[in-house]
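Residues per chain are reported as follows:
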Amino acid sequence: MTERFGSVSELRSALDAEQTSSRELIERSLQRASGVGERLSVFVDLQNDQAVAAADAADARRAAGETRSPLDGIPLVIKDNIVQQGERAGCASRILEGYVSPFDSTVVAKLRAAGAVVIGRANMDEFAMGSSTENSAYGPSRNPWDLERSPGGSSGGSTAAVAADIVPLALGSDTGGSIRQPAAFCGVVGMKPTYGRVSRYGLVAFASSLDQIGPLGRSAADCATLLDVISGHDPKDSTSLPEPALTTASALTGDVSGLTIGLPREYFETEGADPALLEKVRVAAGMLEAQGAKLVEVDLPHARYAVAAYYLIATAEASSNLARFDGVRYGRRAEGAANLKELYERTRSEGFGAEVKRRILLGTYVLSAGYYEAYYRKAQKIRTLLRQDFDAAFAGCDVLLTPTTPETAFRLGDKTEDPLTMYLSDIYTVSANLAGLPGVSLPCGLVEGLPVGLQVLGRPMEDAAVLRVADAYQRLTDHHLARPEDLA
Amino acid sequence: MSAHPDYEVVIGLEVHVQLRTRSKLFSTAGVSYGDEPNQHTTPVCLALPGALPVLNAEAVELAIRAGVATNCTIHPTSIFARKNYFYPDLPKGYQISQFEEPLCTDGWLEIETDSGGPKRIQLTRIHMEEDAGKSLHDGPTDRSRIDLNRAGVPLVEIVSEPDLRSAEEATAYLRKLHAILRTTGVSDADMEKGQFRCDANVSLRKHGEAELGTRREIKNVNSFRFVEAAIEAEVDYQADLIDAGGEVRQATVGYDAESDRLFLMRLKENADDYRYFPDPDLIPLVISQERIDAIRAALPELPDARRHRFEEAHGLAAADAAKLVGAGALADFFEAAVAAGAEPKAAANWLTRDVLAWLNEQEREPGDAVPGPEGFRLDPEGPSFNAEGFAGLLGLVDAGRLTTKSARDLLPDLLAEGGDPERLMQERGLEAVSDSGALEALADDVLASQPKAIASFKEGDKKAVNFLMGQVMKQSQGKADPAQIRQILIAKLEAL
Numbered sequence: 001m002t003e004r005f006g007s008v009s010e011l012r013s014a015l016d017a018e019q020t021s022s023r024e025l026i027e028r029s030l031q032r033a034s035g036v037g038e039r040l041s042v043f044v045d046l047q048n049d050q051a052v053a054a055a056d057a058a059d060a061r062r063a064a065g066e067t068r069s070p071l072d073g074i075p076l077v078i079k080d081n082i083v084q085q086g087e088r089a090g091c092a093s094r095i096l097e098g099y100v101s102p103f104d105s106t107v108v109a110k111l112r113a114a115g116a117v118v119i120g121r122a123n124m125d126e127f128a129m130g131s132s133t134e135n136s137a138y139g140p141s142r143n144p145w146d147l148e149r150s151p152g153g154s155s156g157g158s159t160a161a162v163a164a165d166i167v168p169l170a171l172g173s174d175t176g177g178s179i180r181q182p183a184a185f186c187g188v189v190g191m192k193p194t195y196g197r198v199s200r201y202g203l204v205a206f207a208s209s210l211d212q213i214g215p216l217g218r219s220a221a222d223c224a225t226l227l228d229v230i231s232g233h234d235p236k237d238s239t240s241l242p243e244p245a246l247t248t249a250s251a252l253t254g255d256v257s258g259l260t261i262g263l264p265r266e267y268f269e270t271e272g273a274d275p276a277l278l279e280k281v282r283v284a285a286g287m288l289e290a291q292g293a294k295l296v297e298v299d300l301p302h303a304r305y306a307v308a309a310y311y312l313i314a315t316a317e318a319s320s321n322l323a324r325f326d327g328v329r330y331g332r333r334a335e336g337a338a339n340l341k342e343l344y345e346r347t348r349s350e351g352f353g354a355e356v357k358r359r360i361l362l363g364t365y366v367l368s369a370g371y372y373e374a375y376y377r378k379a380q381k382i383r384t385l386l387r388q389d390f391d392a393a394f395a396g397c398d399v400l401l402t403p404t405t406p407e408t409a410f411r412l413g414d415k416t417e418d419p420l421t422m423y424l425s426d427i428y429t430v431s432a433n434l435a436g437l438p439g440v441s442l443p444c445g446l447v448e449g450l451p452v453g454l455q456v457l458g459r460p461m462e463d464a465a466v467l468r469v470a471d472a473y474q475r476l477t478d479h480h481l482a483r484p485e486d487l488a
Numbered sequence: 489m490s491a492h493p494d495y496e497v498v499i500g501l502e503v504h505v506q507l508r509t510r511s512k513l514f515s516t517a518g519v520s521y522g523d524e525p526n527q528h529t530t531p532v533c534l535a536l537p538g539a540l541p542v543l544n545a546e547a548v549e550l551a552i553r554a555g556v557a558t559n560c561t562i563h564p565t566s567i568f569a570r571k572n573y574f575y576p577d578l579p580k581g582y583q584i585s586q587f588e589e590p591l592c593t594d595g596w597l598e599i600e601t602d603s604g605g606p607k608r609i610q611l612t613r614i615h616m617e618e619d620a621g622k623s624l625h626d627g628p629t630d631r632s633r634i635d636l637n638r639a640g641v642p643l644v645e646i647v648s649e650p651d652l653r654s655a656e657e658a659t660a661y662l663r664k665l666h667a668i669l670r671t672t673g674v675s676d677a678d679m680e681k682g683q684f685r686c687d688a689n690v691s692l693r694k695h696g697e698a699e700l701g702t703r704r705e706i707k708n709v710n711s712f713r714f715v716e717a718a719i720e721a722e723v724d725y726q727a728d729l730i731d732a733g734g735e736v737r738q739a740t741v742g743y744d745a746e747s748d749r750l751f752l753m754r755l756k757e758n759a760d761d762y763r764y765f766p767d768p769d770l771i772p773l774v775i776s777q778e779r780i781d782a783i784r785a786a787l788p789e790l791p792d793a794r795r796h797r798f799e800e801a802h803g804l805a806a807a808d809a810a811k812l813v814g815a816g817a818l819a820d821f822f823e824a825a826v827a828a829g830a831e832p833k834a835a836a837n838w839l840t841r842d843v844l845a846w847l848n849e850q851e852r853e854p855g856d857a858v859p860g861p862e863g864f865r866l867d868p869e870g871p872s873f874n875a876e877g878f879a880g881l882l883g884l885v886d887a888g889r890l891t892t893k894s895a896r897d898l899l900p901d902l903l904a905e906g907g908d909p910e911r912l913m914q915e916r917g918l919e920a921v922s923d924s925g926a927l928e929a930l931a932d933d934v935l936a937s938q939p940k941a942i943a944s945f946k947e948g949d950k951k952a953v954n955f956l957m958g959q960v961m962k963q964s965q966g967k968a969d970p971a972q973i974r975q976i977l978i979a980k981l982e983a984l
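The listed protein sequences correspond, in order, to chains E and S. The first sequence maps to residues 1 to 488 in my numbering. The second sequence maps to residues 489 to 984 in my numbering.
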């Protein structure tokens, strides 16, 4: 047994060669989960017994020569907003206390079918609202590179679990950057697929038109392997693309010659962005250029409106999506309400945290009859303009290379008093959600000992292209192999 | 004639119709009525975290059918919106409906008015939406319970322009709509099961005024009779109020059929803010022209066309044809009886007069008791009276074996219990006495006991025959043919 998890393909080789067993992998994961995982507060639930049983079943299959998929017997964690039959699904919120899902999300059903082993549920910002995991009802997760810093959010738990070598893979969800931003903060690879690639059935909705489940892992290749398993059309999700499952893993050739890479001018002129991070991105671009890629500058003239449009649309949808948490059918119900209105008010007052309340109020306001045109409708128009910006940009290039975040991981508590500065940490990521694009964040070095994220954005449907560029970069560099000091 | 001649009554109707689908609008749960609470639910119906709606193609098909049958424009793209409000019956906290871009707009249908001639009523729109659940407040504890069997059941809401000018017109419109929806299989439209529910917006204005008066909305009335009564009560209320110098305030009212009274549900001071926006979980509903054309081509004969055919092919009076077709199942029964050999005019007479009167007595809508050509069946498990039996009954009358009176006596039992009319006639000993010997003997008996009537006749009072006829009929227990008795009596009187 190696001290650290290798890549998924290395783990598979080790399993095939009987150098290890799934049981051994799972036990290692569980052990680290209750050790370092505890210190980082990355789990809201561990599924020890089920995980060990699933590992034994995977070992039995492998012995019988019936391995189901490249992920058979491999441990992973999933975010607390992705439901599993018979398991709690809390979205790190008090309002879902005690709620156990009676059904599997489609991604979990696919993971089960593939033999992958879920070892636990990861901490997150409540209902995926946040950029630091500080909005969790269970308290914040911590960044493995510096325990005083945030792992990012909202998939901070999933991401930190990969970064801390508890599991090789994790699932997160990305509404405005919630996979890519923590991936950047924690020095791992995180991907938001094209909207509709991965079924949202069983993902507790934050903002339906923006949410997308995606993989987190050490490398682009590992993410591709996981994405291929969870992608594909799902008749239970009306917004699911009518496409078969992806085969991105086989498309990772390492070849970028002939590829045109666009560098969005506006993203390098953002006020408040750390020049050291921008420099890392330029260096990365230069390396790809040296491999035969062509670099061009492109314009995204409406980029500066993206965060505003994002927070209008996301909060509008959230205010409606979260109306179902009313204390009537499941989850927490306030005690002692005298009438129906009081039941709603008290349940929601007690159950939701401050950030969720702030967004529900904002969303309710922007949808209200008097302000709909001024806010929601206008935001949708900006969304259209942003899509057109990307269409125009992609007419001249194949992928875009950008920073993932304007700065490295911030300290816990630094931004909690000022939601607007917190919202700006998504400045480079939200546009991909508004436009439905695939995007990946990968490590491109350290600044003052903290990881820096490089973001690759692609045309809609070109998930394979962004992963190919990310993989090519990782073949040239070893930034993704950098690890925080072991915390065990 | 209007009871309030100073005012013009303006009525617009919103009708909610349950589509005849096997499953719900956005979930695979079955559609049922009267089952144990919460038996027909999925994570989607219960709004469990992570559940997503998927549109039922069968419901779309039926909604388009409703649109083409009412001359609507069917839009190639329509949008589902969320209508947000908190209510325990509404699990998601919003109802999925269509708002800015509905499936169908600008339709019309024609009603027959009492003042004679058809009138065209415009339909503003037909949109698809899901039903809410049901709160139960009648349990053993002081807690309320929620039944979500109905949550997500597919509906279309059919909205008319304020083109209706009286309670009678409103009822005629509803009957026509009901007949179209049943004929086309869009809905069973069973009003007792809430499959066809009507909200009526009623306002009054002085004749010649262009502006609409303040309206009040009568909610959820579920029978034609009650709609008519409720609108009449509402018109009385508003006219009296205005006459007395009052002002109508916008409000939602209910109608209590038992007391024939309206009651205030809530005053509407401000517009509700439902915060509609396009449902991001659903993609736009896109329908090809080919699909619309195919649905139009496959439409069955609509009530208006059927009425014309009845008039032309069977020589029915316009009013009879309209009555039959207005109760679609009665028209099916009529056609089946004609196919079984009944003479069309006689069949139409019996159905529109005697059978409708009987249904009325039963307080049944024709549609409830007549499932179609297979026959009358009050109790779903019970025996039925089918079209062959009905044709047989008319045949007995036509052959002189059963008098009209006896046939009328038999009819209610046959309708309620089913059975063979000939056998029932024999069991009851109702076969007409046509044997002239027996009739002559009866006539002789009566004449022997009525010297006064004979004297009157002799004095030229020809009406005395009618009295004597009545006596003979009585003796025959209604089994004799009146014309035949008359003939015999006159012959005997003149021979005296």
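I should point out that these hints are in silico values taken from the structure, not numbers from a laboratory. Treat each hint with caution, since some may be false.
Unchecked claim - Covered stretches of chain S (chain E as the covering partner; in silico rule of three or more C-beta atoms under 8 Å from a C-beta of chain E):
1. 532–545
2. 573–587
3. 768–777
Cβ coordinates follow ideal geometry from the N, Cα and C atoms, glycine included.
Margin query: If you count the residues of the segment 532–545 of chain S with a beta-carbon closer than 8 Å to a beta-carbon of chain E, do you get 3 or more?
Written below: holds (count 10)
Margin query: How does the segment 573–587 of chain S fare against chain E when you require at least three residues with a CB closer than 8 Å, holds or violated?
Written below: Contact hint for the segment 573–587 of chain S vs chain E: holds, 6 residues under 8 Å.
Item checked: 8 Å C-beta test of the segment 768–777 of chain S against chain E, three or more residues -> holds (count 4)
Violated hints: none; the structure is consistent with every hint.
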